[in-house]
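These are the residues of each chain, in order.
There are 2 protein chains.
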Amino acid sequence: MNLSEMSKEEIAPLLEIEKQKFTAFKSKGLKLNMSRGIHSVEQLEISMPIMDIFHSSAEMKSEDGTDCRNYGNLTGIAEAKRLFGELLSVCEDEIIIGGNSSLALMYDSVSRAMTHGIMGSTPWRLLPEVKFLCPVPGYDRHFGICETFGIKMINIPMSETGPDMDMVEKLVSSDETIKGIWCVPLYSNPDGIVYSDETVKRFANLSPAASDFRIFWDNAYCVHHLTEKENKILNLLEEAKKAGKEDMVFEFASTSKITFPGAGVSVFAASKANISYVESILKYQIISYDKLNQLRHVRYFKNLDGLKEQMVKHREIIAPKFNLVVNTLSEQLDGICRFVKPEGGYFVSVFVPDGCASKVVSLCKEGGVTLTGAGATYPYGKDPHDSNIRIAPTFPPLAELSEALELFCIAVKIASYEKAL
Amino acid sequence: MNLSEMSKEEIAPLLEIEKQKFTAFKSKGLKLNMSRGIHSVEQLEISMPIMDIFHSSAEMKSEDGTDCRNYGNLTGIAEAKRLFGELLSVCEDEIIIGGNSSLALMYDSVSRAMTHGIMGSTPWRLLPEVKFLCPVPGYDRHFGICETFGIKMINIPMSETGPDMDMVEKLVSSDETIKGIWCVPLYSNPDGIVYSDETVKRFANLSPAASDFRIFWDNAYCVHHLTEKENKILNLLEEAKKAGKEDMVFEFASTSKITFPGAGVSVFAASKANISYVESILKYQIISYDKLNQLRHVRYFKNLDGLKEQMVKHREIIAPKFNLVVNTLSEQLDGICRFVKPEGGYFVSVFVPDGCASKVVSLCKEGGVTLTGAGATYPYGKDPHDSNIRIAPTFPPLAELSEALELFCIAVKIASYEKAL
Numbered sequence: 000m001n002l003s004e005m006s007k008e009e010i011a012p013l014l015e016i017e018k019q020k021f022t023a024f025k026s027k028g029l030k031l032n033m034s035r036g037i038h039s040v041e042q043l044e045i046s047m048p049i050m051d052i053f054h055s056s057a058e059m060k061s062e063d064g065t066d067c068r069n070y071g072n073l074t075g076i077a078e079a080k081r082l083f084g085e086l087l088s089v090c091e092d093e094i095i096i097g098g099n100s101s102l103a104l105m106y107d108s109v110s111r112a113m114t115h116g117i118m119g120s121t122p123w124r125l126l127p128e129v130k131f132l133c134p135v136p137g138y139d140r141h142f143g144i145c146e147t148f149g150i151k152m153i154n155i156p157m158s159e160t161g162p163d164m165d166m167v168e169k170l171v172s173s174d175e176t177i178k179g180i181w182c183v184p185l186y187s188n189p190d191g192i193v194y195s196d197e198t199v200k201r202f203a204n205l206s207p208a209a210s211d212f213r214i215f216w217d218n219a220y221c222v223h224h225l226t227e228k229e230n231k232i233l234n235l236l237e238e239a240k241k242a243g244k245e246d247m248v249f250e251f252a253s254t255s256k257i258t259f260p261g262a263g264v265s266v267f268a269a270s271k272a273n274i275s276y277v278e279s280i281l282k283y284q285i286i287s288y289d290k291l292n293q294l295r296h297v298r299y300f301k302n303l304d305g306l307k308e309q310m311v312k313h314r315e316i317i318a319p320k321f322n323l324v325v326n327t328l329s330e331q332l333d334g335i336c337r338f339v340k341p342e343g344g345y346f347v348s349v350f351v352p353d354g355c356a357s358k359v360v361s362l363c364k365e366g367g368v369t370l371t372g373a374g375a376t377y378p379y380g381k382d383p384h385d386s387n388i389r390i391a392p393t394f395p396p397l398a399e400l401s402e403a404l405e406l407f408c409i410a411v412k413i414a415s416y417e418k419a420l
Numbered sequence: 000m001n002l003s004e005m006s007k008e009e010i011a012p013l014l015e016i017e018k019q020k021f022t023a024f025k026s027k028g029l030k031l032n033m034s035r036g037i038h039s040v041e042q043l044e045i046s047m048p049i050m051d052i053f054h055s056s057a058e059m060k061s062e063d064g065t066d067c068r069n070y071g072n073l074t075g076i077a078e079a080k081r082l083f084g085e086l087l088s089v090c091e092d093e094i095i096i097g098g099n100s101s102l103a104l105m106y107d108s109v110s111r112a113m114t115h116g117i118m119g120s121t122p123w124r125l126l127p128e129v130k131f132l133c134p135v136p137g138y139d140r141h142f143g144i145c146e147t148f149g150i151k152m153i154n155i156p157m158s159e160t161g162p163d164m165d166m167v168e169k170l171v172s173s174d175e176t177i178k179g180i181w182c183v184p185l186y187s188n189p190d191g192i193v194y195s196d197e198t199v200k201r202f203a204n205l206s207p208a209a210s211d212f213r214i215f216w217d218n219a220y221c222v223h224h225l226t227e228k229e230n231k232i233l234n235l236l237e238e239a240k241k242a243g244k245e246d247m248v249f250e251f252a253s254t255s256k257i258t259f260p261g262a263g264v265s266v267f268a269a270s271k272a273n274i275s276y277v278e279s280i281l282k283y284q285i286i287s288y289d290k291l292n293q294l295r296h297v298r299y300f301k302n303l304d305g306l307k308e309q310m311v312k313h314r315e316i317i318a319p320k321f322n323l324v325v326n327t328l329s330e331q332l333d334g335i336c337r338f339v340k341p342e343g344g345y346f347v348s349v350f351v352p353d354g355c356a357s358k359v360v361s362l363c364k365e366g367g368v369t370l371t372g373a374g375a376t377y378p379y380g381k382d383p384h385d386s387n388i389r390i391a392p393t394f395p396p397l398a399e400l401s402e403a404l405e406l407f408c409i410a411v412k413i414a415s416y417e418k419a420l
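Protein chains in written order, with numbering that gives the first Met the number 0: chain R, 0 to 420; chain L, 0 to 420.
Heads up, a few of these hints could be off.
Copies of one chain are not kept apart here, so a pair can be met inside one copy or by any two copies together.
List time: in silico DSS-like cross-link candidates among lysine-lysine, alpha-carbon distance up to 25 Å [to be verified]:
| # | residue 1 | residue 2 |
| --- | --- | --- |
| 1 | 381 | 418 |
| 2 | 244 | 30 |
| 3 | 7 | 358 |
| 4 | 27 | 130 |
Rather than coming from a laboratory, the hints here were simulated on the basis of the structure.
Can you make the complete structure from the sequences, with help from the hints?
Here you go:
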C-alpha cells in the first residue's frame, strides 16, 4: 500500500515495529560502507595479471621504439591512443592519455580555462561570473570542482532520456556566462540514465552564447553494463562534427572501474583544435604521464575485445549485488520510495519521501552503515527536496550488503513514518 | 693562451682549421642528443627489479592495511611519507607524495595560488601584477611555469654560494608583488652550485613584504652526487622553523633521476599549515595518486640506505661521462670558455664568449647534435649575454658523447673565433 494513502493510526504501530528493529540492529555493532563506488576485493583480483606484464627492458618499449621508462610523449603512447580512441570512437589525434585520474583531467581542464581561457577566449578568472549547468541528481565531485573555483551552478532536472534539453538549450544560448555543463551520458551518476539519441543530437547542436562553452562529457561508464544488454549512446564528438561544432566537446573516461581504481589510466578526448590548445599549456605542467602504466594497460587488454571481456568479469561479480539492492528495495519499500533498476554504472539512486533523506543517512550512520551524504548528489550539497540517496553496492560482500540494506530499509521506514505522522 | 690575448692574424688560420673539421664532421651524418637530463639505457636497467615487486594481492597492501589498488590516501601512504620524509629530513605530516612528476606539483602549486591564493591570501589572479625572482642561469621549466601564468620574472645573479642574497633580501622585503623564487639549492640546474649554509640561513630568515611569498625549493638533486664527496645543504624547513617562518617554504623532489624518469614518484614538503591548505584544495583535483607506484618504490628501496645505494650505481655510470666532458672542455677550450666541474646534479654549465651561445647551438644542430636551446637557462629564453650553454651528458653512451663533444668544441671555436675577428 502506498504510504500516502495510509492513516496516522495505521502508520503509528508500524513505526514502533521499525524502531524496535533498529534498536536490535544497532546492538550488532556493524561497520559497513556503501558511500563510494569502489571495487570489491574480488573485482581487484580480476586485474592482477596486469602486474606481471614487464619481464625485460625490451618489453618496455612502445611500438614506435619509445622507452616508456624515460621521459617523453606528453600526450601518450600511440597504442594507448589507439585502444582508448577505439573505446570512445575518436581518432588518435583527438585524444590525450593522462595519469591515474580522470577527475584530475576534469579539474585541470576547468583550472586551465580559469587561468588561460580556452582556445584564445578570455581567461574565466577575468570574468565577473562563470556558471555551469548541473543536471541533478549528479556526481558530487563534478560539483566540487565548480565549488572550489567559485563557479555558480544551476540545477537542470533529469528525465529518463537525459537532462531537460529545452532548459539547457534556452540557458546556453541566452547566457554567455554559462561556460559548461556536466554530463555522465551513459548510466548517469547516480540515476543510471542512458541519454537518448535525441538528447545527444541536441547537445551536439547547441548554439551557446559563449564561444568557450564546453560540454564536459564524463563517459565514466562507457562499457560498464550490468546486464547482457549493452546500452549505447551516440558519439557526441561525431554528431558535433556534423554540425561543425566539435570544439564544444570535452570528453573524459578512465579505467578506474575497469582495472584498478587507484592505478588506472585516464583519457581526454576532444577536437584536434582543442587537443592542440590543451597540449600547448599542458607542456608546462608535466613532461609526460606514466607511460609504463599506459603500456601495461594496452598489453593487458590486447584490444577492445579484451577490455570488454574484462567488463564481463566485473559484471558477474557486481550484478548480483545490484539485483540484491533492487529486489530488497522492491520488497521492502514499495509505496514508500522511488528508484529505477540501473542497467549499468555504479549506483542505485533512491528517492525517499521529501524531507527524509538526511534522516535516513543519519539513522544508517547510527546503525553502523556509512552512505553517501544526503544532498551530495546536488550542487552545494543541497538537495532541494532532501530526497535523493545514492547507494553504492559494489564494495561490500553480498552478505554484508544484505545486512546494510536491512538497516537501510528500517531507516527509510522510520524516517518516512515519522514524517507522515 | 687566452683568446682575448690573441691577434686577428693568429685567430684567422685557426678558424679555417676548425671550419674544415666541421665540414668533415658533418659528413658523418650523426644524430645525437645532449639536450635534456635523462637517463641512459644503462641507468634504466638499474631499476628493473622495481617492476617485479608485486606477486600477490597481499603484497599490495600498505602497512596500515590500505589496498593500494583501490582509491584513498590523498596525500600518500605512510611508508612513502616516512621514506621520502627521511630523504628530505621532514616529518610525515609535512609531506605529500604525488604522481610521477614533481614539475606537475610545482605547476599545480602556482596554479592553485593563481586561482585560490595561499592560506587565505588574495588569489594571485586578482592582483594586477605577480613577480618571481629567478636565479640565473636556471631551469627552463621553472621559468616556463611563470611564463604560462603571466608571472613577471626578475633575474638574480648566481655566485658560488647561491643566489645574490643581498638582492633577494632587498627585493623580497620591499615589493609585495614578489610572490616566489625558484631555487635548486643542491647542485643547481645548470651550474651545479651548492648553496652555502649562510645562503640557506638567509633564505630561512627572509622578511617578505608579501604574506604569501614562497620559496620554491626544488631539491631535485638531493642525493645526486657525482663524486664520493656527498655535499649537503642545510635543511631549509628546519632553519625557517627556528625563525618561525616555516610557512614560507615549498620544497619539491622526485625519483625521476633515481628510478625511472617517466614513472617515478614525486614529493612536496612544507609546513603542516601549508600541507593542510594544499590538501583542502587538492581533494577536488584528485582522489589519490598512484599508490601502487609509491609502494613499489618503498619496497624496492627498503630504506634510505637502499635509495643511496641506488645512487652509487647511477654515479658509477654517469661520473665517467661528466669526467669526459670536463676533461675535453679543459683540454680543448681552455682560454675560450668558463665552466665549473659539477660535484653533482645532471649538467655541465658552459659559458662561451658573449654573443656566441646561439651560434654554437645552431652549429651543433647543423652537425647533428641537439643541445638545450641557447637562452633556455634564462627567463623568457633570453640570455642577456648569449653566453650560457647547458650540456646534459647522461643520455648518450661514452663513445657518442665523445663525438658530440668533439663537435661542440669545434662549434665553440668557430663561433668564438668568428666573434673575435
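How the hints compare with the structure:
1. Proximity of residue 381 to residue 418 under the C-alpha cut-off of 25 Å is restricted to the intra-copy arrangement: shortest distance 19 Å within a copy versus 71 Å between copies.
2. Proximity of residue 244 and residue 30 under a CA criterion of 25 Å is satisfied in neither setting, with 50 Å inside one chain copy and 43 Å between copies.
3. When the C-alpha separation of residue 7 and residue 358 is checked against a cutoff of 25 Å, the pair qualifies only within one copy, where the shortest distance is 20 Å, while the shortest distance between copies is 92 Å.
4. For the identical chains of this complex, residue 27 and residue 130 are neighbours neither inside a copy (47 Å) nor across copies (60 Å), given an alpha-carbon limit of 25 Å.
In this structure, the hints that do not hold are numbers 2, 4, in rising order.
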